[in-house]
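**Q** Sequence:
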Amino acid sequence: MLVLGIESSCDETGLGLYDSQRGLLGHTLHSQVALHAQHGGVVPELASRDHLRRTVPLLRTLLTDTGVDLGQLDGIAYTAGPGLIGALLVGSSIGRSLAFALGIPAVGVHHMEAHLLSPLLDAANAPGFPFLALLVSGGHTLLAQVDGLGRYTILGESVDDAAGEAFDKT
Numbered sequence: 440m441l442v443l444g445i446e447s448s449c450d451e452t453g454l455g456l457y458d459s460q461r462g463l464l465g466h467t468l469h470s471q472v473a474l475h476a477q478h479g480g481v482v483p484e485l486a487s488r489d490h491l492r493r494t495v496p497l498l499r500t501l502l503t504d505t506g507v508d509l510g511q512l513d514g515i516a517y518t519a520g521p522g523l524i525g526a527l528l529v530g531s532s533i534g535r536s537l538a539f540a541l542g543i544p545a546v547g548v549h550h551m552e553a554h555l556l557s558p559l560l561d562a563a564n565a566p567g568f569p570f571l572a573l574l575v576s577g578g579h580t581l582l583a584q585v586d587g588l589g590r591y592t593i594l595g596e597s598v599d600d601a602a603g604e605a606f607d608k609t
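Per this note's numbering, the very first residue in the sequence shown carries number 440; after that it's consecutive.
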């Protein structure tokens, strides 16, 4: 199964192609750090406009670099949340529209769940269930036990400021 992933939850536009047999075929990323630095932090409207401007050119680059044709895709996954609503809508709209045009499924993926399951992308080194995961991303800092797909226990999390915010601001 060949899946295109679209990530647009905050200030980076990311696309990747993953094949269930061959693994990660390629990925491309545009960071908005320079854009938002002049404003002292992420400006949601600027973020969503930049996603709109960058997604299709990044997709073209990814397809060219990997030699994949849109017609080969079996599905599209896009970030469904949490994140900045305008930024999420860009990725969702592009992903769902492209999937509709190609007659393939589109699946919204929970941003935090994707982080928790990212160790499974490298099948040769994937941890067995259960495993512990420390998630430090944007407004989220949590320690979770991952018992299986869709089965998580949050063992602890920040109650006010998240360590991920420090990463985003430095």
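Treat the hints as calculated values from the structure; they're not laboratory data. Among the hints, a few may not be true.
Said to hold, decoys possible - Computed spacing ranges between beta-carbons, pair by pair:
1) Arg590 x Asp508: 15 to 23 Å
2) Ile524 x Pro496: 37 to 45 Å
3) Gly547 x Thr503: 25 to 33 Å
4) Leu509 x Val598: 40 to 48 Å
5) Pro496 x Leu463: 15 to 23 Å
6) Val598 x Ser536: 22 to 30 Å
7) Glu484 x Ala562: 21 to 29 Å
8) Thr503 x Phe568: 16 to 24 Å
9) Ser597 x Arg499: 20 to 28 Å
10) Ile593 x Asp508: 19 to 27 Å
11) Thr503 x Val546: 18 to 26 Å
12) Glu596 x Gly542: 36 to 44 Å
13) His478 x Asn564: 14 to 22 Å
14) Asp561 x Ile524: 30 to 38 Å
We put the beta carbon where it would ideally sit given N, CA and C, even for glycine.
**Q** Confirm or reject each hint.
**A** To see whether the hints hold, each was checked on the structure:
1. In this structure the hint that Arg590 and Asp508 lie 15 to 23 Å apart at CB is violated, the actual value being about 36 Å.
2. A hinted range of 37 to 45 Å is violated for the C-beta pair Ile524 and Pro496, which are about 23 Å apart.
3. Take Gly547 and Thr503: their Cβ atoms lie about 27 Å apart, and the range 25 to 33 Å holds.
4. With their beta carbons about 44 Å apart, Leu509 and Val598 fall inside the hinted range of 40 to 48 Å.
5. For Pro496 and Leu463, the hinted distance range of 15 to 23 Å is satisfied, since their beta carbons lie about 21 Å from each other.
6. Between Val598 and Ser536 the C-beta distance comes to about 39 Å, which lies outside the given range of 22 to 30 Å.
7. Between Glu484 and Ala562 the beta carbons are some 40 Å apart, a value that contradicts the proposed interval 21 to 29 Å.
8. The supplied range of 16 to 24 Å is broken by Thr503 and Phe568, whose beta-carbon atoms lie about 37 Å from each other.
9. Ser597 and Arg499 have their C-beta atoms about 39 Å apart, which leaves the hinted 20 to 28 Å range violated.
10. Taking 19 to 27 Å as the suggested C-beta distance range, the pair Ile593 and Asp508 does not conform, at roughly 41 Å.
11. The supplied range of 18 to 26 Å is met by Thr503 and Val546, whose beta-carbon atoms lie about 25 Å from each other.
12. At roughly 40 Å, the beta carbons of Glu596 and Gly542 sit within the given window of 36 to 44 Å.
13. Checked against the given bound of 14 to 22 Å, the beta carbons of His478 and Asn564, roughly 39 Å apart, lie outside it.
14. In this structure the supplied range 30 to 38 Å holds for Asp561 paired with Ile524, their Cβ-Cβ distance being about 32 Å.
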